[in-house]
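Peer 1: For reference, the chains in residue letters:
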Amino acid sequence: MTTTKQAREAVRLTAPVAMAYVPLGLAFGVLVVKSGIAWYWAPLSAVLIFAGSIEFLTVSLIAGGVPFVQVAATAFVVNFRHIFYGLTFPLERIRDRLAKIYGVWALTDETYAITSAGEGAALNGFQITVLQLVSHFWWAGAAFTGALVGSIIPGYIVGFGFALTAMFVTLLVDSLRNNPSAFQIAAALSSVLVAVIADAFFPNWFLISGLAAYLVLMTGRYFMTSTNRRKELV
Amino acid sequence: MNQQALMVILTISAVTMALRVVPFVALDVLRENLYLRYLGRVMPVGVMTLLVAYSLRETDFLTFPYGIPEIGIAVASGLLYWKTKASLLSIGTGLIAYVLLASFVL
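Note that the protein sequences, when read in sequence, are chains A and B.
Last residue of the first sequence: 234 in UniProt numbering, with the numbers rising by one and none dropped.
Last residue of the second sequence: 106 in UniProt numbering, with the numbers rising by one and none dropped.
Among the clues, some could well be false.
Unchecked claim - According to the in silico footprint, chain B covers these stretches of chain A (three or more CB under 8 Å from chain B):
1. 122-134
2. 139-149
3. 194-200
Unchecked claim - Simulated restraints, written as ranges between beta carbons of each label pair:
4. A:Asn179 <-> B:Thr63: 35 to 45 Å
5. B:Ala18 <-> A:Ile152: 33 to 43 Å
6. A:Asn179 <-> B:Leu6: 21 to 31 Å
Hints in this document: simulated from the structure, not taken from any laboratory.
Positions of the beta carbon are idealized from the N, C-alpha and C atoms, including for glycine.
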């Protein structure tokens, strides 16, 4: 297969990624501008972070003036799942050093999903790099366009912050599809309560106190369970 | 605002990249550590629940309309996604419904 053909094949596989990234990226761009942040931060964030859900959160972290310790801790917990993607990502197929670094840097949920199953599992290193570059372009391009669109939406149209809620609701539903235990759900709801109370005394510490509470509860459950039953614990 | 934006974006970028690099340098530890794998399984439910709550934290539940539009549309779009698995449909419908309501009714 010629290089052009290989590249075209990789670009074709980004179609479902584009379907997800373009509308979300547009919503993200609009949200940035509507939150009073300069438009160019939308594409800059899309290029530099390139992790959808945390970027929506970035908007409220910037606008809210949240302390950096909390920003870092929030990013850590929200993106913790990425730690497991690298375990099966076929990085060894990418030959070029720079492309390898980029491969790790641009390892999103979607790239991981595509390269781990179906047609995408057969891609060579060059094609994986093309797949990642094109996906990155869809996301940053959509964020840029969204920021422009956001600038011309009249000021009396409000409520774009709800994009954040609507997106996290779909991610919550996805996590609920994996049959969480009653304990997990109870722990999640309790940590919301902790977060609400903490936030009343220490503004801006909502997320970090809630996440800490959840982590403590789930860790407690893990170490209270006998060693031989921990393997399947949820 | 611009300095704050740059610092927040760079911080998040650095943390995200670090998380993406870790498995390539500590492959065996991650593969074999049961506790970390357990956290990988159970974190999403808690994280997402908190993020939904966080995104609604400025909603006023004590005065009219008592957060009913926010909760109602969030639940409806969640159910729509549960049934259809079409995230765009669900996010799009929820966002448009809320923006229309917030701009022209409330």
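Peer 1: Would you mind marking each hint as holding or not holding in the structure?
Peer 2: Status of each hint after checking the structure:
With 0 residues bearing a CB less than 8 Å from a CB of chain B, the stretch 122-134 of chain A misses the requirement of three and the coverage assertion fails. Beta-carbon proximity to chain B at under 8 Å applies to 0 residues in the stretch 139-149 of chain A; the threshold of 3 is not reached and the given coverage is violated. Judged by the Cβ-Cβ criterion of 8 Å, the stretch 194-200 of chain A is covered by chain B as claimed, because 3 of its residues qualify and three suffice. The hint said 35 to 45 Å for the Cβ distance between asparagine 179 (chain A) and threonine 63 (chain B), and at roughly 38 Å that hint holds.
Between alanine 18 (chain B) and isoleucine 152 (chain A) the C-beta distance comes to about 38 Å, which sits within the given range of 33 to 43 Å. Checked against the given bound of 21 to 31 Å, the beta carbons of asparagine 179 (chain A) and leucine 6 (chain B), roughly 42 Å apart, lie outside it.
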